[in-house]
Amino acid sequence: MSVKTNAIRLLTQKKAQFTVLCYEPEPDHVLSGVEAAARLGRAPQAVFKTLVTTGRSGEHYVFMIPAAAELDLKKAAAAAGEKSVAMLKAKDLLGLTGYVHGGCSPVGMKKQFASFIDQSAGDHGTVVLSGGRVGVHIEIALDELRKAVPFSAADLTV
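Residue numbers (this note's numbering): 1 to 158.
The set of hints was computed from the structure by calculation and includes no laboratory data. Everything numeric in this text was worked out from a predicted model, so none of it was measured. Even for Gly, the Cβ is constructed at its ideal location relative to N, Cα and C. Among the hints, a few may not be true.
Okay, the calculated beta carbon distance ranges per label pair [claimed, not checked]:
(1) Glu70 - Pro150: 22 to 30 Å
(2) Ala78 - Cys22: 33 to 41 Å
(3) Gly122 - Met87: 20 to 28 Å
(4) Glu24 - Gly81: 34 to 42 Å
(5) Met87 - Pro150: 18 to 26 Å
(6) Gly58 - Lys15: 29 to 37 Å
(7) Ala154 - Asp28: 29 to 37 Å
(8) Lys83 - Ser152: 30 to 38 Å
Using the sequences and the hints given, assemble the complete structure.
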């Protein structure tokens with residue numbers, strides 16, 4: 001299957017090494033990150049979901065955390081140098097990032113936002129992230145991801 005998304009195009013342009021993983025999405029149901037990990041045959045600790053927040057300053061931030069984990073908003077704010085951050089409303093996601101809920105990739109957003117990945121990502125040779133469409137994921141090493149997305153590692157989860 002030859003899938004093309006903004007994320008895949010950008011990674012290809014940056015000559016990053018990655019693998020595309022796909023599953024058939026269910027109509028009218030977005031799988032949780034844990035369900036997606038099971039469909040992909042990967043451990044949920046190595047499958048990362050992409051969350052977009054808004055800081056008190058009005059700036060937006062991208063956080064990548066393990067599928068089964070919950071973002072600690074205080075830790076996220078500290079990592080971003082903000083007093084507080086709040087989750088972006090789902091209705092605002094497409095206009096801001098170019099991606100829909102369940103298919104939001106940290107790679108290839110309309111604008112590059114400050115991005116952070118949970119420090120546990122370093123425990124894995126590769127991580128799995130959304131490939132920019134529901135049912136499409138990319139498996140990539142952190143050094144390869146950095147070619148397309150500048151990010152910092154931090155303790156981000158509850």
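Outcome of the hint check:
| no. | hint | result |
| --- | --- | --- |
| 1 | Glu70 - Pro150: 22 to 30 Å | holds, 25 Å |
| 2 | Ala78 - Cys22: 33 to 41 Å | holds, 36 Å |
| 3 | Gly122 - Met87: 20 to 28 Å | holds, 25 Å |
| 4 | Glu24 - Gly81: 34 to 42 Å | holds, 41 Å |
| 5 | Met87 - Pro150: 18 to 26 Å | holds, 22 Å |
| 6 | Gly58 - Lys15: 29 to 37 Å | holds, 34 Å |
| 7 | Ala154 - Asp28: 29 to 37 Å | holds, 35 Å |
| 8 | Lys83 - Ser152: 30 to 38 Å | violated, 18 Å |
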